[in-house]
Amino acid sequence: MATATPEIRPFHIDIPQADLDDLYARLANTRWPSELPGVGWSRGVPVAYLRELAEYWRTSYDWRAHEAMLNQHPQYLTDIAGQTLHFLHVRSPEPAAVPLLMLHGWPGGVVDFLDVIGPLTDPVRHGGAAEDAFHLVIPSLPGFGFSTPLAGPGMNPARMADLLGQLMSRLGYQRYGVQGYDTGAWVGPHLGKQYPKQVIGQHFNALITFPIGEPGEFDDLTEAEQQTWQEMQNFNGAAPAGMARRAAPAKPRRRRQLLPQWRDIHPRGPVGGDRERAVRGAGDHGHGLPCRHAAGAGRTVAGHRSRVTGPGVHDTGEPASPLAGQV
1 MATATPEIRP FHIDIPQADL DDLYARLANT RWPSELPGVG WSRGVPVAYL RELAEYWRTS
61 YDWRAHEAML NQHPQYLTDI AGQTLHFLHV RSPEPAAVPL LMLHGWPGGV VDFLDVIGPL
121 TDPVRHGGAA EDAFHLVIPS LPGFGFSTPL AGPGMNPARM ADLLGQLMSR LGYQRYGVQG
181 YDTGAWVGPH LGKQYPKQVI GQHFNALITF PIGEPGEFDD LTEAEQQTWQ EMQNFNGAAP
241 AGMARRAAPA KPRRRRQLLP QWRDIHPRGP VGGDRERAVR GAGDHGHGLP CRHAAGAGRT
301 VAGHRSRVTG PGVHDTGEPA SPLAGQV
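Residue numbers (the working numbering): 1 to 327.
Calculated directly from the structure, the hints in this document are not laboratory data. All C-beta atoms, glycine included, are put in the ideal place defined by N, C-alpha and C. Please note: incorrect hints may appear among the correct ones.
Quick list of the computed label-pair ranges, beta carbon to beta carbon [as the list claims (entries may be wrong)]:
#1 118 x 13: 16 to 24 angstroms
#2 131 x 170: 20 to 28 angstroms
#3 118 x 24: 26 to 34 angstroms
#4 149 x 26: 15 to 23 angstroms
#5 219 x 10: 49 to 57 angstroms
#6 217 x 40: 50 to 58 angstroms
#7 64 x 193: 39 to 47 angstroms
#8 211 x 149: 34 to 42 angstroms
#9 220 x 35: 42 to 50 angstroms
#10 22 x 48: 47 to 55 angstroms
#11 55 x 211: 44 to 52 angstroms
#12 31 x 129: 53 to 61 angstroms
#13 22 x 193: 39 to 47 angstroms
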(Lines of atoms letter the chains of each structure in order from A and count residues from 1; the text may use other names and numbers.)
(Lines give C-alpha, C1' and ligand atoms only; values in the text may rest on other atoms or scores of the structure.)
Protein backbone atom coordinates (compact mmCIF):
# COMPACT_ATOMS: atom_id res chain seq x y z
CA MET A 1 0.00 0.00 0.00
CA ALA A 2 1.55 3.30 -1.08
CA THR A 3 1.14 6.04 1.50
CA ALA A 4 2.11 9.07 -0.58
CA THR A 5 -0.77 10.30 -2.75
CA PRO A 6 -1.86 13.73 -3.98
CA GLU A 7 -3.66 14.09 -0.62
CA ILE A 8 -0.84 12.70 1.51
CA ARG A 9 2.65 14.18 1.32
CA PRO A 10 5.89 12.87 2.85
CA PHE A 11 7.26 14.84 5.79
CA HIS A 12 10.81 15.22 7.09
CA ILE A 13 11.69 17.01 10.33
CA ASP A 14 14.23 19.76 9.71
CA ILE A 15 14.14 22.43 12.40
CA PRO A 16 15.90 25.61 11.23
CA GLN A 17 19.15 26.25 13.08
CA ALA A 18 17.97 29.80 13.75
CA ASP A 19 15.06 28.43 15.79
CA LEU A 20 17.39 26.24 17.83
CA ASP A 21 19.74 29.16 18.38
CA ASP A 22 16.79 31.24 19.59
CA LEU A 23 15.85 28.48 22.05
CA TYR A 24 19.41 28.32 23.37
CA ALA A 25 19.48 32.11 23.76
CA ARG A 26 16.21 32.12 25.70
CA LEU A 27 17.49 29.37 27.98
CA ALA A 28 20.73 31.31 28.56
CA ASN A 29 18.79 34.50 29.35
CA THR A 30 16.37 32.91 31.81
CA ARG A 31 15.85 35.06 34.91
CA TRP A 32 15.91 32.59 37.77
CA PRO A 33 13.97 33.27 40.99
CA SER A 34 15.39 33.04 44.47
CA GLU A 35 14.09 30.41 46.86
CA LEU A 36 13.76 29.80 50.56
CA PRO A 37 16.80 28.08 52.04
CA GLY A 38 16.53 24.51 53.22
CA VAL A 39 13.16 23.62 51.65
CA GLY A 40 14.53 21.08 49.15
CA TRP A 41 11.77 19.55 47.03
CA SER A 42 8.99 20.32 49.51
CA ARG A 43 7.89 23.44 47.60
CA GLY A 44 8.51 22.32 44.07
CA VAL A 45 11.58 21.92 41.88
CA PRO A 46 14.73 23.37 43.48
CA VAL A 47 16.13 26.22 41.42
CA ALA A 48 19.61 24.70 41.40
CA TYR A 49 18.31 21.45 39.93
CA LEU A 50 16.27 23.21 37.26
CA ARG A 51 19.17 25.48 36.32
CA GLU A 52 21.42 22.47 35.86
CA LEU A 53 18.78 20.76 33.74
CA ALA A 54 18.25 23.86 31.57
CA GLU A 55 22.00 24.26 31.12
CA TYR A 56 22.28 20.66 30.01
CA TRP A 57 19.43 21.21 27.56
CA ARG A 58 21.15 24.34 26.23
CA THR A 59 24.72 23.06 25.92
CA SER A 60 24.75 19.25 25.83
CA TYR A 61 21.47 17.88 24.49
CA ASP A 62 21.93 16.80 20.87
CA TRP A 63 18.73 17.77 19.09
CA ARG A 64 20.07 16.85 15.65
CA ALA A 65 20.73 13.27 16.77
CA HIS A 66 17.16 12.92 17.99
CA GLU A 67 15.84 14.59 14.85
CA ALA A 68 17.71 12.03 12.75
CA MET A 69 16.31 9.22 14.89
CA LEU A 70 12.75 10.44 14.36
CA ASN A 71 13.34 10.77 10.63
CA GLN A 72 14.17 7.07 10.41
CA HIS A 73 10.42 6.43 10.53
CA PRO A 74 8.17 7.27 7.56
CA GLN A 75 6.18 10.43 8.33
CA TYR A 76 3.46 12.21 6.42
CA LEU A 77 1.18 15.23 6.44
CA THR A 78 -2.38 15.45 5.18
CA ASP A 79 -5.20 17.96 5.49
CA ILE A 80 -8.68 16.85 6.51
CA ALA A 81 -11.52 19.35 6.98
CA GLY A 82 -8.96 22.14 7.14
CA GLN A 83 -6.87 20.45 9.84
CA THR A 84 -3.26 19.46 9.18
CA LEU A 85 -2.49 15.99 10.50
CA HIS A 86 1.02 14.65 10.99
CA PHE A 87 1.44 10.91 11.35
CA LEU A 88 3.81 7.98 11.18
CA HIS A 89 2.74 5.12 8.92
CA VAL A 90 4.84 2.00 9.43
CA ARG A 91 3.81 -1.07 7.46
CA SER A 92 4.54 -4.56 8.70
CA PRO A 93 6.35 -7.05 6.45
CA GLU A 94 3.64 -9.55 7.37
CA PRO A 95 0.87 -9.46 4.74
CA ALA A 96 -1.85 -10.46 7.23
CA ALA A 97 -0.91 -7.76 9.75
CA VAL A 98 -3.81 -5.94 11.44
CA PRO A 99 -3.95 -2.14 11.03
CA LEU A 100 -3.64 -0.41 14.41
CA LEU A 101 -4.22 3.28 15.16
CA MET A 102 -2.14 4.36 18.18
CA LEU A 103 -3.16 7.53 20.03
CA HIS A 104 -0.84 9.36 22.42
CA GLY A 105 -1.65 11.44 25.49
CA TRP A 106 -0.58 14.68 27.14
CA PRO A 107 2.19 15.58 27.50
CA GLY A 108 3.41 13.46 24.67
CA GLY A 109 3.35 12.72 20.99
CA VAL A 110 4.24 10.11 18.40
CA VAL A 111 7.61 9.65 20.10
CA ASP A 112 5.85 7.86 22.96
CA PHE A 113 5.49 4.80 20.74
CA LEU A 114 8.94 4.67 19.13
CA ASP A 115 10.11 1.75 21.26
CA VAL A 116 7.20 -0.47 20.23
CA ILE A 117 7.22 0.16 16.49
CA GLY A 118 9.67 -2.66 15.84
CA PRO A 119 8.06 -5.33 18.04
CA LEU A 120 4.55 -4.54 16.77
CA THR A 121 5.33 -4.33 13.07
CA ASP A 122 7.89 -7.15 12.96
CA PRO A 123 7.24 -9.44 15.94
CA VAL A 124 9.11 -12.37 14.36
CA ARG A 125 12.32 -10.39 14.40
CA HIS A 126 11.73 -9.64 18.08
CA GLY A 127 10.97 -13.18 19.15
CA GLY A 128 7.22 -13.10 18.58
CA ALA A 129 4.79 -14.68 16.16
CA ALA A 130 3.81 -13.45 12.71
CA GLU A 131 0.11 -13.44 13.64
CA ASP A 132 0.84 -10.73 16.22
CA ALA A 133 1.94 -8.21 13.58
CA PHE A 134 0.36 -4.79 13.04
CA HIS A 135 0.47 -2.05 10.44
CA LEU A 136 0.86 1.09 12.55
CA VAL A 137 -0.67 4.52 12.06
CA ILE A 138 0.59 6.89 14.77
CA PRO A 139 -0.79 10.43 14.42
CA SER A 140 0.06 13.59 16.29
CA LEU A 141 -3.30 14.55 17.72
CA PRO A 142 -4.60 17.93 16.48
CA GLY A 143 -2.81 20.72 18.36
CA PHE A 144 0.22 18.55 19.16
CA GLY A 145 3.63 18.55 17.50
CA PHE A 146 3.34 19.02 13.76
CA SER A 147 -0.48 18.64 13.63
CA THR A 148 -0.68 22.41 13.91
CA PRO A 149 -2.09 24.97 13.73
CA LEU A 150 -5.57 24.07 14.86
CA ALA A 151 -8.24 24.64 12.24
CA GLY A 152 -10.35 26.42 14.85
CA PRO A 153 -11.91 26.11 18.30
CA GLY A 154 -13.90 23.11 19.43
CA MET A 155 -11.32 20.43 18.68
CA ASN A 156 -12.81 18.05 21.24
CA PRO A 157 -12.29 14.27 21.43
CA ALA A 158 -15.28 13.52 19.18
CA ARG A 159 -14.04 15.86 16.47
CA MET A 160 -10.52 14.45 16.71
CA ALA A 161 -11.95 10.95 16.35
CA ASP A 162 -13.83 11.90 13.20
CA LEU A 163 -10.67 13.31 11.62
CA LEU A 164 -8.70 10.18 12.51
CA GLY A 165 -11.43 7.94 11.12
CA GLN A 166 -11.21 9.86 7.87
CA LEU A 167 -7.43 9.49 7.95
CA MET A 168 -7.67 5.71 8.24
CA SER A 169 -10.11 5.65 5.35
CA ARG A 170 -7.80 7.84 3.28
CA LEU A 171 -5.00 5.34 3.95
CA GLY A 172 -7.24 2.54 2.65
CA TYR A 173 -7.88 0.83 5.99
CA GLN A 174 -11.48 -0.32 6.30
CA ARG A 175 -10.97 -2.48 9.40
CA TYR A 176 -8.57 -1.59 12.22
CA GLY A 177 -7.92 -1.59 15.95
CA VAL A 178 -7.40 1.41 18.23
CA GLN A 179 -4.97 1.82 21.13
CA GLY A 180 -4.89 4.98 23.24
CA TYR A 181 -3.77 6.32 26.58
CA ASP A 182 -4.55 9.52 28.46
CA THR A 183 -5.95 11.92 25.83
CA GLY A 184 -5.94 9.03 23.37
CA ALA A 185 -8.19 7.13 25.78
CA TRP A 186 -10.69 10.01 25.49
CA VAL A 187 -10.51 10.13 21.70
CA GLY A 188 -10.50 6.38 21.03
CA PRO A 189 -13.99 5.51 22.30
CA HIS A 190 -15.49 8.09 19.95
CA LEU A 191 -13.89 6.25 17.04
CA GLY A 192 -15.78 3.13 18.08
CA LYS A 193 -19.01 5.08 18.24
CA GLN A 194 -18.55 6.96 14.98
CA TYR A 195 -16.98 4.12 12.97
CA PRO A 196 -18.45 0.91 14.42
CA LYS A 197 -18.10 -1.01 11.16
CA GLN A 198 -14.43 -0.14 10.84
CA VAL A 199 -13.17 -0.50 14.44
CA ILE A 200 -12.60 -4.18 15.24
CA GLY A 201 -11.28 -3.72 18.78
CA GLN A 202 -10.05 -1.09 21.21
CA HIS A 203 -7.59 -0.99 24.09
CA PHE A 204 -7.09 1.95 26.43
CA ASN A 205 -4.76 2.57 29.34
CA ALA A 206 -4.69 5.55 31.67
CA LEU A 207 -8.45 5.57 31.09
CA ILE A 208 -10.49 7.78 33.40
CA THR A 209 -14.20 7.12 33.75
CA PHE A 210 -16.84 9.31 35.38
CA PRO A 211 -20.29 8.78 36.86
CA ILE A 212 -23.00 9.29 34.26
CA GLY A 213 -26.00 9.94 36.51
CA GLU A 214 -27.37 6.42 36.79
CA PRO A 215 -29.44 5.79 39.95
CA GLY A 216 -27.42 4.15 42.70
CA GLU A 217 -23.99 4.44 41.09
CA PHE A 218 -22.64 6.22 44.19
CA ASP A 219 -24.09 3.69 46.63
CA ASP A 220 -20.96 1.54 46.88
CA LEU A 221 -18.46 4.38 47.11
CA THR A 222 -16.46 4.59 50.32
CA GLU A 223 -16.31 7.83 52.27
CA ALA A 224 -12.83 8.47 50.91
CA GLU A 225 -14.01 7.87 47.33
CA GLN A 226 -16.94 10.25 47.81
CA GLN A 227 -14.57 12.90 49.15
CA THR A 228 -12.28 12.39 46.15
CA TRP A 229 -15.21 12.79 43.78
CA GLN A 230 -16.24 16.03 45.49
CA GLU A 231 -12.71 17.37 45.30
CA MET A 232 -12.66 16.55 41.62
CA GLN A 233 -15.84 18.53 41.09
CA ASN A 234 -14.17 21.53 42.70
CA PHE A 235 -10.97 21.01 40.72
CA ASN A 236 -12.82 20.83 37.41
CA GLY A 237 -14.85 23.94 38.07
CA ALA A 238 -18.16 22.17 38.65
CA ALA A 239 -18.53 23.97 41.98
CA PRO A 240 -19.90 27.52 42.41
CA ALA A 241 -18.39 30.19 40.20
CA GLY A 242 -15.95 31.45 42.81
CA MET A 243 -14.55 27.98 43.39
CA ALA A 244 -14.39 27.37 39.65
CA ARG A 245 -12.33 30.52 39.20
CA ARG A 246 -9.93 29.44 41.93
CA ALA A 247 -9.60 26.00 40.33
CA ALA A 248 -9.08 27.32 36.82
CA PRO A 249 -5.25 27.53 36.75
CA ALA A 250 -4.96 23.78 37.12
CA LYS A 251 -2.49 23.07 34.34
CA PRO A 252 0.34 25.37 35.47
CA ARG A 253 -0.07 24.00 38.99
CA ARG A 254 0.01 20.48 37.62
CA ARG A 255 3.21 21.17 35.74
CA ARG A 256 4.87 22.47 38.90
CA GLN A 257 3.86 19.31 40.70
CA LEU A 258 5.16 16.81 38.16
CA LEU A 259 8.90 16.91 38.77
CA PRO A 260 8.52 16.56 42.56
CA GLN A 261 6.30 13.52 41.98
CA TRP A 262 8.86 11.97 39.63
CA ARG A 263 11.51 12.72 42.24
CA ASP A 264 9.49 10.74 44.78
CA ILE A 265 9.46 7.78 42.41
CA HIS A 266 13.17 8.09 41.68
CA PRO A 267 15.06 8.99 44.90
CA ARG A 268 18.14 10.25 43.04
CA GLY A 269 16.01 12.99 41.52
CA PRO A 270 13.48 13.12 38.69
CA VAL A 271 13.79 10.13 36.38
CA GLY A 272 16.64 8.69 38.37
CA GLY A 273 18.84 11.75 38.02
CA ASP A 274 19.08 11.16 34.27
CA ARG A 275 19.18 14.61 32.68
CA GLU A 276 18.76 13.14 29.21
CA ARG A 277 15.42 11.60 30.16
CA ALA A 278 14.39 14.71 32.09
CA VAL A 279 14.91 16.91 29.03
CA ARG A 280 12.98 14.40 26.93
CA GLY A 281 10.10 14.64 29.37
CA ALA A 282 9.87 12.84 32.67
CA GLY A 283 7.25 10.55 31.20
CA ASP A 284 10.32 9.30 29.30
CA HIS A 285 8.79 10.14 25.95
CA GLY A 286 12.22 9.61 24.53
CA HIS A 287 12.61 12.61 22.24
CA GLY A 288 13.57 15.88 23.87
CA LEU A 289 11.73 17.77 21.16
CA PRO A 290 11.97 21.49 21.78
CA CYS A 291 8.19 21.63 21.81
CA ARG A 292 5.48 22.73 24.19
CA HIS A 293 3.44 19.59 23.75
CA ALA A 294 6.06 17.53 22.81
CA ALA A 295 2.64 3.32 29.11
CA GLY A 296 2.93 0.33 29.33
CA ALA A 297 0.15 -2.24 29.02
CA GLY A 298 -0.60 -5.62 27.57
CA ARG A 299 -3.52 -5.51 25.19
CA THR A 300 -5.63 -7.58 22.90
CA VAL A 301 -7.11 -6.32 19.65
CA ALA A 302 -9.37 -8.72 17.80
CA GLY A 303 -7.62 -11.68 19.38
CA HIS A 304 -4.12 -10.55 18.44
CA ARG A 305 -1.78 -10.59 21.41
CA SER A 306 1.28 -8.44 21.74
CA ARG A 307 3.22 -6.54 24.35
CA VAL A 308 3.03 -2.78 24.35
CA THR A 309 5.46 -0.70 26.36
CA GLY A 310 6.04 2.98 26.27
CA PRO A 311 5.20 6.12 28.22
CA GLY A 312 2.10 7.91 28.66
CA VAL A 313 -5.54 16.74 28.20
CA HIS A 314 -4.31 18.94 25.87
CA ASP A 315 -5.65 22.49 25.74
CA THR A 316 -7.06 22.19 22.24
CA GLY A 317 -7.98 25.83 22.13
CA GLU A 318 -4.32 26.82 21.88
CA PRO A 319 -2.17 25.93 18.87
CA ALA A 320 1.10 24.36 19.97
CA SER A 321 4.31 25.50 18.37
CA PRO A 322 6.68 22.60 17.72
CA LEU A 323 9.49 24.84 18.94
CA ALA A 324 8.13 26.31 22.17
CA GLY A 325 10.03 25.30 25.31
CA GLN A 326 8.88 22.16 27.11
CA VAL A 327 10.85 22.48 30.37
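Exercise. Which of the listed hints are not met by the structure?
Worked result: 6, 10
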